[in-house]
Each structure stands twice: as structure tokens, then as C-alpha cells.
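Engineer: Single-letter residue listing:
2 protein chains.
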Amino acid sequence: MTHTPTPPQADPGTPWAGSAIHEFLNHRAAAMGAGSWASPAREGTIPLTGGVPDPDALPTAALLEATRTVLAREAAPALEYGGNYGFPGLRELVAAEVDPQPGLGYGVDNVALTSGSAHALHNILDTFLNPGDTVVIETPAWGGIIRHLRGAGAVIEEVGMDEHGILIPELDELLTRLAAEGRRPKLIYTIPTFQNPMGITSTHERRKALIEVAARHRVLILEDDPYGELRFSGAPVPSILSLAGGDGVIRCGSFSKIIATGLRVGWIQASREYVDAVTRMRFDNGTSPFTSRIIAAYLEAGNHQPHLAKMRAIYKAKCDGMLSALEESCSGLATWTHPEGGFFIWLSYPASTDPKALAAAASDEGVQFIPGASFFAKGGGQHSLRLCFSYLSENVQAEAIRRLARALEKAR
Amino acid sequence: MTHTPTPPQADPGTPWAGSAIHEFLNHRAAAMGAGSWASPAREGTIPLTGGVPDPDALPTAALLEATRTVLAREAAPALEYGGNYGFPGLRELVAAEVDPQPGLGYGVDNVALTSGSAHALHNILDTFLNPGDTVVIETPAWGGIIRHLRGAGAVIEEVGMDEHGILIPELDELLTRLAAEGRRPKLIYTIPTFQNPMGITSTHERRKALIEVAARHRVLILEDDPYGELRFSGAPVPSILSLAGGDGVIRCGSFSKIIATGLRVGWIQASREYVDAVTRMRFDNGTSPFTSRIIAAYLEAGNHQPHLAKMRAIYKAKCDGMLSALEESCSGLATWTHPEGGFFIWLSYPASTDPKALAAAASDEGVQFIPGASFFAKGGGQHSLRLCFSYLSENVQAEAIRRLARALEKAR
Chain A
1 MTHTPTPPQA DPGTPWAGSA IHEFLNHRAA AMGAGSWASP AREGTIPLTG
51 GVPDPDALPT AALLEATRTV LAREAAPALE YGGNYGFPGL RELVAAEVDP
101 QPGLGYGVDN VALTSGSAHA LHNILDTFLN PGDTVVIETP AWGGIIRHLR
151 GAGAVIEEVG MDEHGILIPE LDELLTRLAA EGRRPKLIYT IPTFQNPMGI
201 TSTHERRKAL IEVAARHRVL ILEDDPYGEL RFSGAPVPSI LSLAGGDGVI
251 RCGSFSKIIA TGLRVGWIQA SREYVDAVTR MRFDNGTSPF TSRIIAAYLE
301 AGNHQPHLAK MRAIYKAKCD GMLSALEESC SGLATWTHPE GGFFIWLSYP
351 ASTDPKALAA AASDEGVQFI PGASFFAKGG GQHSLRLCFS YLSENVQAEA
401 IRRLARALEK AR
Chain B
413 MTHTPTPPQA DPGTPWAGSA IHEFLNHRAA AMGAGSWASP AREGTIPLTG
463 GVPDPDALPT AALLEATRTV LAREAAPALE YGGNYGFPGL RELVAAEVDP
513 QPGLGYGVDN VALTSGSAHA LHNILDTFLN PGDTVVIETP AWGGIIRHLR
563 GAGAVIEEVG MDEHGILIPE LDELLTRLAA EGRRPKLIYT IPTFQNPMGI
613 TSTHERRKAL IEVAARHRVL ILEDDPYGEL RFSGAPVPSI LSLAGGDGVI
663 RCGSFSKIIA TGLRVGWIQA SREYVDAVTR MRFDNGTSPF TSRIIAAYLE
713 AGNHQPHLAK MRAIYKAKCD GMLSALEESC SGLATWTHPE GGFFIWLSYP
763 ASTDPKALAA AASDEGVQFI PGASFFAKGG GQHSLRLCFS YLSENVQAEA
813 IRRLARALEK AR
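One line per chain: the protein sequences are A and B, in this order.
According to the working numbering, the first sequence is numbered sequentially starting from 1.
According to the working numbering, the second sequence is numbered sequentially starting from 413.
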């Protein structure tokens, strides 16, 4: 007779009989659903879902070399606690080279390292939001920020976008209406460059107008910019932080899309009092000095610009390929955005095409995408979807778009 | 004339004139002070402060080898997102080998990886505490948990300890009194093994009694055990989680003290519904798959038990050395605990010795320690201090204790 470990049994005689967890969850946790990761694709299905870098372009050899450098040169500080602000050498590199803010004179004190920009956002919300506080998000919005805000117990208000960015008159009207109700939002959340999910970039003029309206209503702008370095066409637009002269803006960046998502290192950049305030709300003993110093060594070895150039060429080719495939097979069935960088294309289809029929047809055809409704907190987006062109090879993507075209055809 | 970047100037005409941050901080952040890291020791001063591993014992070569293995074998998944629960391979190793819970049949679903156990605690408090909720902590308590709880807006209640662990009648009385006031605490926080700062270990009987009282009052136990594997004398005591049969206990562990603090990888282990609940309150896209897979490769290569054996021998020698030095020079001036593992000794001195005079004398003599008052949330601990024996070499520690003895002599 084999002897297997006995699973824990609820003893009906103990005070813990049955599940007790709902006595303990706080209000925010009690309201949270499960995470929003896309379910794994079925065998043979092509996923156009995850916003992750091209796996063949990961700088594996350079990271191994950087690890060797760090463990040979500075093993002890890399393997010990590094403080809540993070490794100063990398904070300096962020301010000086990776994410410089022209005219602001920023340095090490304006940057705090975080465990990715998703963690940066959590740290910021944990610092500024009381449950019930209002936050304005651009819509459609990255699904992650909707989950973040629900987890923080925030009240979400939405403002629409066109291909040039947030609709400023709509924002002004919203903030005026909220003020009349006695509600001043704490934050306006935006991804101004190669937006997730739309792929669009807010213009210089739209950014200036956003800064003016936000300042007039005394609302902070939360500028989330994980994709900005991945521009493969068009001219760069200054960050909202730099255009605002450093006032009223907190900026988040990340090494996830420019090196690797698995490192979990990002940053917050802002005027010093904001950096100090969010860091006081860190209770995790800081972001890993090991990974932070590996990234610093990778940058110091001159890998950054050549790798960016390589990534831009890869994503340009992939984006061009997907746009050509769309042109070829989806004209007349849908319209889509034309990004100048980043990972995403936003596709809109006519009201006459049924979203449920499209989902079923896409499943039959073997193609997966994120439905537009996932990017709306309060409903909407039924006749749209997000396509990601960063991950798969060009041939596979072209096949996926042909399948999508057949699905759109069936569902109309 | 040199031209330096102009720092951002508040324009008195803009809506952001002057500092605006206090309009935006939430209630919790507005109440937070700066972090509690010890100030750097002056030149020539010997610090007995930081609870960090022996720097010469860091397994640098084994970690480089593990990194090479990971980047050769599994670069793509190590450098991509790994989900909110963390790398399953390492979760399995934690449940099966690193932190097994006899009799509970735990596996991968009972473990979530966190960015160190400090982050685990933040994740747990973020899941269970509403502002104003009560938490009971053992006293003296690790200073970090006091900061965590203040950051969460918790009301702290304290329960005393002797050399066998938490004083159970005092706890029962406290919980009864709180119940009479309509306040049921959510959590009781304890480091039962090689406690920080006292260095003591709760006995088997005391753990059973703690479980009984907590269950009777329906309060969860938060078992924080970063030092448990570093036992160098005496017999191991089962975890509170395993003694409780998995009911009503959430356990935190960490690779910080058994491999390296700079990796920032720890875990939460509990019944599945608790693991699921805390993971739903993760918004950081998970702990780094890169560092998690490096640790898994390090464990798989057979480094764990030999490294633990080496660490135990080092810490035993250091602890014995510090206890001998105390015996030699501090007898009659103070009393102290006799740990069976971990990093810390707790020293108590008579009420006739003035704490301020001691601080001044210690500064003159060139020795630094953490004053006992740092480990109390509501005052107390004036005539005590924490000594850490993990970091410095034996000779340097012996000199530090001689300096401490002279300071105690001066201040009495």
C-alpha cells in the first residue's frame, strides 16, 4: 500500500471549519476579480494578443556578459539590499541617457527604480489614492490600468481619443462637470506615445493642451511611456513631463520593452518631491540591485542604442507587414490605425458585424486577438479589437490577418 | 560664461505655483515619515546594525553558473512575463524542498513568489487591511513591520514576549479586551524562529497555544520566517502553518538570508484560497522570471544544502564569538539572549544606565547598534538594543563588543 500525504482536512470541531477568508479580505480585495491574462491559445491558433517583445531579438548574450561583469566587479553590492530608491548608477543612466528630459536638469534624485512600470503604477496609486477617489483614463485604455484602479478602489471616469490623442474639449467638460459635483480627480492616466491599445501618438499640440487643462483643474498627469523608444517612423514628440517643465506630471518608464519584460525593472521620473513621496510608500526593500546593476552594465557596455536600432527595424518590418496584410485582405471589412512605433494596431469594424459571431468565427479560423471591450471600464468598444505585431514572425502574422479577414467576412 | 541646465522654476503665473503635492497624497502617504534605514556609520565606527548575510559567503560563482544555465536553456521564458503567481518551477521547489510543510500535501498552488518577503508582507496587508483595521504585533517587533502597518493605515496593538515566544495569557487578554470594544484584529504578526530583534525562538508548546488563541478569536496568524533555515544549534520546531494544519495561517519566506538579499525573491505559502486572494491583488506583472529561474537553477544544481551548511557554520562561529566577547566584557553591565540561529542578539541593560548617555558614549567609542526603542510602535524598549552578528568578521565584532562594554560602563 502506497502512502501519500494527506491533504488538509477541515475539522468541523475547529474554529476554522469551512472557508473563513471572506471575513478577512479588505473592501478592495473583496471586489477584485481574477487577473486579465489572455487564456492560452488552442493548438493551431495564432495569438495576436500579448504585448511582448520579439523573442528572437532578446539580447541574451549581452545580458549574460553584463551578469558576468557585475558578479566579477561588484558581487557584494549587487547581492545585498540596495535601498528603496534603487541603484544610483542606474538612476543616473535613466536621467542622463535612457529617458532624458530636456531642459529640466534632472539627475539621480528625480528617478526611483521600480519592479517594472506596472509596479511603478501600483506604487503611485498607493501613494495618491484614497478609496473612492476619482481617476480619469483615456479610452480605450490599457486593461492593466483598469485593474490597477479597481484594486485601489478608485472611481474611474473616461475620456475619448482620436488619432491625435485625448479629446481636449471632452476632458475639459468632464473636469468641469466633476468640479460642479465637488469631485476633483487626483490623476489623468495616459500613454501618449504608441498608445496601448490604439497605437496612436498624441501630438505636440494635444500634449500642450492636455497640460493646460489638467493644470487649470489642478489634476496630476500620470504619463506612462513604456513604448516611446520604439519609434520606427515619424518625428519624436517631447514627453508631457518635459513639456510641462516638470510641474504636475509623474512619468513612468520601463526596460521591459527596450530590453526584456522578465527583468522587471522600470522607473518613476518626476520632480524630487514626488519621487520622495512615492518612495516613502515603498515597503519592499527596493527593486533588485542584481537586475538593476546587470542593466547598468548592459548600458555601459554600449548595447543600448544598437539594440534599439535593431528592435526598431524589426518592429517596422513587422508593422509594415501587418499593415500590408490588412490592406490586402481586410479593406472594406474594417479600418485600422497606422502606428509610428510600439506594438499595437487598433482595428474597428462596422456596427453591422456582430462581435459574438466574429469571436466564434475567429476561433474556427484559428486566430486570437483581444476584443475591444476589454479596454473600456464602463462598457463600449464592441466593434473593435487590438492586434499586436511585436511577437510573431511576419509570415505567421500575415496568415493570422488572412484568418481574421475570413472571420470578419463570415461575421458581417 | 558656462551654461548649465536651468532647474525647473515655479512660474507664479501658472496653476502649479509652489508645491502642490500635499493636495494629492492620500491619508496614508500624508502620515508616512521617511524610511528607517540606519544612517551610514562614521569613519572608524563599527556597525552592528544591518541584518544582512556575511558578504564573503555570498554564492557568487554558483549564481553566475545558474545565470549561464538559464540563459542557455530557457532565455525566452526567463526574459518574458511569467504571470502573477511566479515561475511554477520555483514554486514547486519551495513547496517540495526549500520550505516543505509536513502533512499538508502542499504543492505549486500553495506558493506565490514575491519580490522578497518584505514585498510579500505588503501584498498581504494590501489584500486584508482596510485603513483603521487592527493588527497585533509581537513586541519588540522588526521595525519594518511597524512601517508597513503605518503605511497601510493600521491600528497597531502590541503583545509582549519572553524567551519562549509570545506571552499567551497577555495575548488572550488583549484579544478579549479588543472584542469587548468591538474590535477584532485581522492579523497577528510574528517571526517565531530566531526572531528579529530578539533572536529567540518560540517553543512548540507556545506555537500550539498561539494557534489555539488566534483561532478562538478568529484572527489570522501572519508567520514571517526569513531566518528559520539558519539554525546552528538546538532542534528544529515545526512551522506555525504546519502545526495549524494549514488553517488560519499565512506564511512568508525568503531567499534573502539563505542566498542573497539583492535577488529580491521570496514567497507566500498558505492554503490555496489565500494564495489566490493575495495574487489577485498583485498589479506588478509578477516577480522576475529571470531571477526566479536563476534561483531554481541554483537549487537544481545542488547548491542549496551545502551552502546552508556553510552558512550555519559561519553564523555559529560568529554568534559564539559575539557571545564570548559579551561574556568577557559585558557581564554585570547587561544581559542578552542566546540564539540558536539567525542573525540577532538582544541586549538589555539596567534602568540605571542612561540611553542617551549610552548613545553618546557609543558614538565616542566608535560602535553602532540599533536602539531598542526602534522596535516598539508605542514607546518602550529604552533599555535595550539589537546586535547583529551576521555581517562583520569575528575579530571586528569582538572589538565592537569591547567598545560597547566601555560605552555601557561610561553610561551607567
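Source of the hints: derived by calculation from the structure; they are not laboratory data.
Remember, it's a predicted structure, so these values are computed and weren't measured experimentally.
In this text, a Cβ means the ideal position worked out from N, Cα and C, and glycines have one as well.
It cannot be assumed that every hint is accurate.
Stated by the list, open to error - Here are the simulated distance ranges between beta carbons: (1) Ala769/B - Pro102/A: 52 to 58 Å; (2) Arg183/A - Ala592/B: 48 to 54 Å; (3) Gly519/B - Glu65/A: 46 to 52 Å; (4) Glu685/B - Arg412/A: 43 to 49 Å; (5) Glu181/A - His434/B: 22 to 28 Å; (6) Glu65/A - Glu740/B: 14 to 20 Å; (7) Asp56/A - Pro543/B: 53 to 59 Å; (8) Gly182/A - Ala591/B: 37 to 43 Å.
Engineer: Now tell me if each hint is right for this structure.
Structural biologist: Checked hints:
no.	hint	in the structure
1	Ala769/B - Pro102/A: 52 to 58 Å	54 Å, holds
2	Arg183/A - Ala592/B: 48 to 54 Å	39 Å, violated
3	Gly519/B - Glu65/A: 46 to 52 Å	37 Å, violated
4	Glu685/B - Arg412/A: 43 to 49 Å	45 Å, holds
5	Glu181/A - His434/B: 22 to 28 Å	23 Å, holds
6	Glu65/A - Glu740/B: 14 to 20 Å	50 Å, violated
7	Asp56/A - Pro543/B: 53 to 59 Å	48 Å, violated
8	Gly182/A - Ala591/B: 37 to 43 Å	39 Å, holds
In summary, the numbered hints that this structure violates are 2, 3, 6, 7.
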